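Here are the chains, one letter per residue:
Protein chains: 2
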Amino acid sequence: MKQKRFFLEESKIPTQWYNIQAEMPTKPLPLKNPATGAEMSAEDLYPIFAEECSRQELNQSDAWIAIPDKVREMYGYYRSTPLVRAYGLEQALDTPAHIYFKNESVSPIGSHKLNSALAQAYYLKQEGVTNVTTETGAGQWGAALAYAARLFGLEAAIYQVKISYQQKPYRRSIMQLFGAQVTPSPSMSTRAGKDILTATPNHQGSLGTAISEAIELARTTPNCKYALGSVLSHVALHQTVIGLEAEQQMAMAGEYPDEIYAAFGGGSNFAGLAFPFMRHNFKGERHTRFIAVEPTACPKLTKGTFEYDFGDEAGYTPLLPMYTLGHDFRPANIHAGGLRYHGAGVIVSQLLKDGYMEAMDVDQLEVFDAAQLFAKSEGIIPAPESGHAIAAVIRRAKECRETGEEKVILFNLSGHGLIDMTAYDEYLSGNMINLPAR
Amino acid sequence: MKQKRFFLEESKIPTQWYNIQAEMPTKPLPLKNPATGAEMSAEDLYPIFAEECSRQELNQSDAWIAIPDKVREMYGYYRSTPLVRAYGLEQALDTPAHIYFKNESVSPIGSHKLNSALAQAYYLKQEGVTNVTTETGAGQWGAALAYAARLFGLEAAIYQVKISYQQKPYRRSIMQLFGAQVTPSPSMSTRAGKDILTATPNHQGSLGTAISEAIELARTTPNCKYALGSVLSHVALHQTVIGLEAEQQMAMAGEYPDEIYAAFGGGSNFAGLAFPFMRHNFKGERHTRFIAVEPTACPKLTKGTFEYDFGDEAGYTPLLPMYTLGHDFRPANIHAGGLRYHGAGVIVSQLLKDGYMEAMDVDQLEVFDAAQLFAKSEGIIPAPESGHAIAAVIRRAKECRETGEEKVILFNLSGHGLIDMTAYDEYLSGNMINLPAR
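Same order as they appear, the protein sequences are chains W and P.
According to our numbering, the residues represented by the first sequence are 26 to 463, in order.
According to our numbering, the residues represented by the second sequence are 26 to 463, in order.
Hints listed in this document are in silico derivations from the structure and should not be mistaken for laboratory results.
Treat the hints loosely; a few may be bogus.
Any copy, or any two copies together, can satisfy a pair, since identical chains are not distinguished.
[As the list claims (entries may be wrong)] Below are the BS3-like pairs computed for lysine-lysine, each with C-alpha atoms no more than 25 Å apart in a straight line:
#1 52 - 219
#2 52 - 37
#3 27 - 37
#4 308 - 95
#5 57 - 378
#6 27 - 150
#7 150 - 219
#8 27 - 378
#9 401 - 432
#10 57 - 95
#11 401 - 150
#12 52 - 150
#13 27 - 95
#14 27 - 52
#15 57 - 308
If you're wondering where the values come from, they're calculated on a predicted model, not measured in any experiment.
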């Protein structure tokens, strides 16, 4: 029997995260204070984020950062996640390519998001914070933070993008089951929300609007801080546990990836899988291709511009040097709430600018065609977000069928789609359409 | 770091199922033809079931039956499932008991049901059958069979209990995504369905009604056979892969269970975990307690009578010697569709009668209290069905807190509850009530 899944012994679960900032040939540009234009320091971020996360955010010197024991213990509840050889998909495509995926969907919450939620909740608790607030799109991040907050005894308040709140009621229920308060965003409970709804009645929400509301709540609530699920560099740092495991697991399989694919929203699942492998490219030891896959409806990497912009709609965040569609960009209502964000993280933006990675976009129908084929051949129903990576991999595997190339392809199955069945219903009914960027 | 999860290498995944019938001190009574009263032979079952399954059903001589290579290869897509030490739950209960669970919820379909679906679909395909039909309650079995049918190229038609079809629309979508036809039962598409709806307008359905419809479809459709998800002895056989893995994994953990708990509907997840351990009790090597946990609303083991009865509402099945509430019993609409069945499998019934196992019942609210506590402490949202086992384990662990007993407790987490969030919503809103047997 050919081995299908590869696990690490618990002792092999990484003890350190990989901080790519320390080894990037060109460091990211600094964050800036929008009022003064001054470079932001870690201390400037303390009022919003956990202090340790603030330091990690700007750390450009330490390539390895220790995972706290308690966080690693909680990782042991679901990690290592399996590295899986997609024999079923390979057979369905009749491709000579070797397709592997890292299955982050087996986390209790159903996605990779827990890797950073546990770390952030831990640091907040250590620092004496009692309340945490955040945004969520499809709800993967919100569910992860709700669970992590519960574990560490924090009160959680979550702003969920309104369209996702309506499309995915089960995710709201999951967050509530863990004891979190969930509010659809934009709401009338913050100044930012009121301003957005006044300027744009019936605004369906976006990650940008929800971030504004959460930051405002953190600023106006005693002992409350904010936790972000993607985009920022400390989130990418926490997610590198994915790639560090995958590197060991690929070695168990006796292979090394020629190409690595991941869906792209703010960058957390892409960074998590790609960055640990990318360090070997920096050193010239390997020449892996890294491909971020975004929705055609929200194409910041392929159609955005590299410039300083806000991370949220209301302009509460520092100015970030990144590929962006503009912080007031309102993405179409695609069924991939986690990818409906206007900008890319600063590290990824710099790497893309410098040619260390590539980006491509795929349309919604291609994503769901790919997701269904994956479900039928591997048995796992993917999150629509993860479907973007699958669509790109399938395109490539079909090319390999033509050329005969035995490429070793690795992608991140960032989450499952069991809470996204309304989207699959729309697809199966024939009513789904492609949505353009607007 | 204390080890939390135990996996087997793929080479250690069982190569044989354990057929408890061969080693039971008292063999189950024969199945009977309801028209003639004659004992049923395997050949008599061929028109309905796969021939190999029919032979397995009545096999009382071979204790070990080889798992076909192809089925074992597909097991490798998700097996071994982890054995997990529930440190989080132990801590929440402050109990000296050591609590372990076998996490079958990580199967692609979200429950243990795939273990038998793959086997049954494989045999049907081998025997040249093209169409398969079945019943499903909550949809765990239907989803599993839909996926297995797809894998082996069979057309699948599934009758889903009407109340579950309405309560759990996502499960219907999952079955449809895999290409199955799904019909709410009782329906007007079979004689059995029409008769039931005429006699009892607005009948909400039960596993008994859905089985009748599926059997009728199989009988009246060329080259179509029926596959059952629980109750029958060959289904229990296929599920023993759970306990055979768990036995090896408990050894890895350096312990042996004093008590084993599983929720009880027709018996498949209970049998799967319990039977391999029970063989050591038969030999006097061990004295493990085995406890089946059923809903108060459907108490066949604790309140039923041992007698010959039909397995379905319309009376299409052979007569089965079993604990039953009567084949026309209509269970209340509890949120555990998989446990709404009037009878118990013949093996389990005999074992209960002979004192090799015990049974208890729990109310719906206790189940959801337990399920939420489990979710908050272990991060996994359990299926309401599995919540029954958890409720019983929590009761016992609290007793151990009082007595100081360090009992080693093992239970089966048969599935996750991500598709059951409407039930959790009802619970969280305070509108859930206990429902009596009627």
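These are the hints, each one checked on the structure:
1. 52 - 219: neither (38 Å within a copy, 72 Å between copies)
2. 52 - 37: Neither, since 30 Å and 48 Å both go past 25 Å.
3. 27 - 37: Cα proximity of residue 27 and residue 37: in one copy and across copies (23 Å, 13 Å).
4. 308 - 95: neither (33 Å within a copy, 44 Å between copies)
5. 57 - 378: Intra 19 Å, inter 75 Å, cutoff 25 Å: intra-copy only.
6. 27 - 150: Between copies only: 22 Å across chains, 45 Å inside a chain, cut-off 25 Å.
7. 150 - 219: neither (31 Å within a copy, 60 Å between copies)
8. 27 - 378: Answer is neither; intra-copy 40 Å and inter-copy 44 Å both fail.
9. 401 - 432: within (23 Å within a copy, 42 Å between copies)
10. 57 - 95: The answer is neither: 33 Å in one copy and 59 Å across copies each exceed 25 Å.
11. 401 - 150: This pair counts as between: shortest inter-copy Cα distance 17 Å, intra-copy 43 Å.
12. 52 - 150: neither (31 Å within a copy, 58 Å between copies)
13. 27 - 95: Cα proximity of residue 27 and residue 95: across copies only (11 Å, versus 36 Å in one copy).
14. 27 - 52: neither (43 Å within a copy, 39 Å between copies)
15. 57 - 308: neither (30 Å within a copy, 74 Å between copies)
Hint check: violations occur at hints 1, 2, 4, 7, 8, 10, 12, 14 and 15; the rest are consistent with the structure.
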